[in-house]
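There are 2 protein chains.
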Amino acid sequence: MQNPSRGDAENFRIRRLEIADKGKGFLELLSQLTVCGAVSDEEFTERFEEVAKYGDEHMICVIEDVRLGKIVASGSVFVERKFIRKCGKAGHIEDVVVDSSVRGLQLGKRVVEYLVNHACSVGCYKVILDCSEDNKPFYEKCGFMKKEVQMVKYFV
Amino acid sequence: MQNPSRGDAENFRIRRLEIADKGKGFLELLSQLTVCGAVSDEEFTERFEEVAKYGDEHMICVIEDVRLGKIVASGSVFVERKFIRKCGKAGHIEDVVVDSSVRGLQLGKRVVEYLVNHACSVGCYKVILDCSEDNKPFYEKCGFMKKEVQMVKYFV
Chain B
3 MQNPSRGDAE NFRIRRLEIA DKGKGFLELL SQLTVCGAVS DEEFTERFEE
53 VAKYGDEHMI CVIEDVRLGK IVASGSVFVE RKFIRKCGKA GHIEDVVVDS
103 SVRGLQLGKR VVEYLVNHAC SVGCYKVILD CSEDNKPFYE KCGFMKKEVQ
153 MVKYFV
Chain R
3 MQNPSRGDAE NFRIRRLEIA DKGKGFLELL SQLTVCGAVS DEEFTERFEE
53 VAKYGDEHMI CVIEDVRLGK IVASGSVFVE RKFIRKCGKA GHIEDVVVDS
103 SVRGLQLGKR VVEYLVNHAC SVGCYKVILD CSEDNKPFYE KCGFMKKEVQ
153 MVKYFV
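For the record, the sequence lines run as chains B and R.
Using our numbering, read the first sequence as starting at 3 and increasing by one per residue.
Using our numbering, read the second sequence as starting at 3 and increasing by one per residue.
What the hints contain is simulated information worked out from the structure, not anything from laboratory work.
Check each hint, because a few of them may be wrong.
As the list claims (entries may be wrong) - Per the computed footprint, the stretches of chain R lying under chain B, defined by three or more beta-carbons under 8 angstroms from a beta-carbon of chain B, are:
(1) 66-74
(2) 137-151
Said to hold, decoys possible - Calculated pairs, DSS-like style, for lysine-lysine (alpha carbon to alpha carbon, straight line, at most 30 angstroms):
(3) B:K143 / R:K24
(4) R:K55 / B:K138
(5) B:K91 / B:K72
(6) B:K143 / R:K143
(7) B:K143 / R:K149
(8) B:K26 / B:K88
(9) B:K138 / R:K24
(10) R:K72 / B:K148
(11) B:K72 / R:K148
(12) R:K111 / B:K72
(13) B:K91 / R:K149
(14) R:K72 / R:K143
(15) R:K88 / B:K88
(16) B:K111 / R:K72
(17) R:K149 / B:K138
(18) R:K91 / B:K149
(19) B:K149 / R:K148
(20) B:K138 / R:K143
(21) B:K26 / R:K148
(22) R:K26 / B:K138
(23) B:K24 / R:K72
(24) R:K72 / R:K138
(25) B:K26 / R:K72
(26) R:K72 / B:K55
(27) R:K143 / B:K55
(28) R:K111 / B:K24
(29) R:K55 / B:K26
(30) B:K55 / R:K138
(31) B:K91 / R:K128
(32) B:K24 / R:K24
(33) B:K24 / R:K138
(34) B:K91 / R:K148
(35) R:K88 / B:K138
(36) B:K111 / R:K91
(37) R:K24 / B:K111
Note that the structure is a prediction, hence the values are computed from the model and not measured.
Glycine included, every Cβ here is placed at the ideal spot set by N, Cα and C.
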């Protein structure tokens, strides 16, 4: 049986990424998504500041388990300025991940809603993301629908 | 039979978007892609300068038919700074379009190669885009492969 205290909503605080989150397992969390690699404190700080420079145009959010001081979910959204749609803006959601130890607590949904609301609040006419076929039902529950096919070209 | 002069490569110059391209049919070209809407000179200039501020992080390229002084193809790429992949960067290609009057001259391929080379030159580990099933073979010829499913949520 699931530990009932595990899912207490007040244990999980959603907020923007902070520089101290490197020490709270942010990169270990991302490594559940894909290759993360070794990142020094200096490299982390530099990348954090580069992203922060974009302000609301590039927002990374995290959920912290405040009892443990551990980052257990994350996702990012950045804003693309277009000329189409009367010089519209499109939100791009990337790198949504939930720690394997806290799956089933709707934390992924909270992250996606937080990112979607952010994109809406800064005036985007749409928000898009790419996901596996397996994750399609999850995003449909979040109000997304299938549109196109993602294509990729790797350089390394 | 196709007019042989129509396809002369030297007639078609590829370069970054310039502010004067509004007067060369840039927005009319984009309207072949999707809803573009009325954009005043002031709105165009404002958006142009917002994008220019990002420098090499957001590059819009065009192909001009220099005989006609007309923009006949376009595409954009912007660079997302990530924490995954050792603080890697991902290129996002958007809004690739070729004027219906000059299809079949490999201008789309030139645009995509220009955008891909740009993403590579600024250090991206990959470049991604979303396309219709119909356009998948075109992007495969450009060296892309299918990865995931694009999901969208519209606000307006």
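Hint check results:
Interface restraint, the segment 66-74 of chain R with chain B: violated (0 residues with C-beta to C-beta distance below 8 angstroms; minimum three). Using a Cβ-Cβ cut-off of 8 angstroms, 11 residues of the segment 137-151 of chain R lie near chain B, which meets the minimum of three, so the contact claim holds. For the given pair, K143 of chain B sits about 41 angstroms from K24 of chain R by alpha-carbon distance, which is inconsistent with the 30 angstroms threshold. For the suggested pair K55 of chain R and K138 of chain B, the alpha carbons sit about 35 angstroms apart, so the restraint of at most 30 angstroms is broken.
Using a Cα cut-off of 30 angstroms, the hinted pair K91 of chain B and K72 of chain B is violated, with the two alpha carbons roughly 33 angstroms apart. Using a Cα cut-off of 30 angstroms, the hinted pair K143 of chain B and K143 of chain R is violated, with the two alpha carbons roughly 35 angstroms apart. Only pairs whose Cα atoms come within 30 angstroms are accepted, and K143 of chain B paired with K149 of chain R is accepted, the gap being roughly 22 angstroms. At most 30 angstroms may separate the alpha-carbon atoms for a hinted pair to count; K26 of chain B and K88 of chain B exceed this at roughly 42 angstroms.
This hinted pair does not check out: K138 of chain B and K24 of chain R have alpha carbons roughly 39 angstroms apart, beyond 30 angstroms. With a C-alpha separation of about 35 angstroms, the suggested pair K72 of chain R and K148 of chain B falls outside the 30 angstroms cut-off, and the hint is violated. Taken as a hint, the K72 of chain B and K148 of chain R pair is broken in the structure, with Cα atoms around 35 angstroms apart against an allowance of 30 angstroms. Among the hinted pairs, K111 of chain R with K72 of chain B is inconsistent with the structure: their alpha-carbon atoms are about 46 angstroms apart, more than 30 angstroms.
Taking the CA atoms of K91 of chain B and K149 of chain R, the gap is near 25 angstroms; set against the 30 angstroms cutoff, the hint holds. With a C-alpha separation of about 27 angstroms, the suggested pair K72 of chain R and K143 of chain R falls inside the 30 angstroms cut-off, and the hint holds. With a CA separation close to 37 angstroms, the supplied pair K88 of chain R and K88 of chain B exceeds the 30 angstroms bound. Of the pairs offered as hints, the one joining K111 of chain B and K72 of chain R is violated, with about 46 angstroms between alpha carbons and a cut-off of 30 angstroms exceeded.
A threshold of 30 angstroms between alpha carbons decides the hint, and for K149 of chain R with K138 of chain B the separation of about 14 angstroms falls inside it, so the pair holds. Pair hint K91 of chain R plus K149 of chain B holds up; C-alpha atoms about 25 angstroms apart against a cutoff of 30 angstroms. A C-alpha spacing of about 14 angstroms is found between K149 of chain B and K148 of chain R, which places the hinted pair at or below 30 angstroms, so the restraint holds. For the given pair, K138 of chain B sits about 27 angstroms from K143 of chain R by alpha-carbon distance, which is consistent with the 30 angstroms threshold.
Taking the CA atoms of K26 of chain B and K148 of chain R, the gap is near 35 angstroms; set against the 30 angstroms cutoff, the hint is violated. With a C-alpha separation of about 41 angstroms, the suggested pairing of K26 of chain R with K138 of chain B is violated against the 30 angstroms cut-off. For the suggested pair K24 of chain B and K72 of chain R, the alpha carbons sit about 50 angstroms apart, so the restraint of at most 30 angstroms is broken. Note on K72 of chain R and K138 of chain R: the hinted pairing holds, with a Cα-Cα distance of about 28 angstroms set against a maximum of 30 angstroms.
For the hint linking K26 of chain B to K72 of chain R, the alpha-carbon distance of about 54 angstroms lies beyond 30 angstroms, and the restraint is violated. A C-alpha spacing of about 36 angstroms is found between K72 of chain R and K55 of chain B, which places the hinted pair above 30 angstroms, so the restraint is violated. With a C-alpha separation of about 37 angstroms, the suggested pair K143 of chain R and K55 of chain B falls outside the 30 angstroms cut-off, and the hint is violated. A hinted pair counts as satisfied when its Cα atoms are at most 30 angstroms apart, and K111 of chain R with K24 of chain B does not qualify at roughly 41 angstroms.
Restraint check for K55 of chain R and K26 of chain B: the C-alpha separation of about 34 angstroms exceeds 30 angstroms, so the hint is violated. A hinted pair counts as satisfied when its Cα atoms are at most 30 angstroms apart, and K55 of chain B with K138 of chain R does not qualify at roughly 35 angstroms. A distance of roughly 23 angstroms separates the Cα atoms of K91 of chain B and K128 of chain R; the hinted pair therefore holds under the 30 angstroms criterion. Taken as a hint, the K24 of chain B and K24 of chain R pair is broken in the structure, with Cα atoms around 45 angstroms apart against an allowance of 30 angstroms.
About 39 angstroms separates the Cα atoms of K24 of chain B and K138 of chain R, which puts this hinted pair outside 30 angstroms; it is violated. For the suggested pair K91 of chain B and K148 of chain R, the alpha carbons sit about 25 angstroms apart, so the restraint of at most 30 angstroms is met. About 28 angstroms separates the Cα atoms of K88 of chain R and K138 of chain B, which keeps this hinted pair within 30 angstroms; it holds. For the hint linking K111 of chain B to K91 of chain R, the alpha-carbon distance of about 26 angstroms falls within 30 angstroms, and the restraint holds.
Taking the CA atoms of K24 of chain R and K111 of chain B, the gap is about 41 angstroms. The hint is violated against a cut of 30 angstroms.
Against the hints set out earlier in the document, violations occur for numbers 1, 3, 4, 5, 6, 8, 9, 10, 11, 12, 15, 16, 21, 22, 23, 25, 26, 27, 28, 29, 30, 32, 33 and 37.
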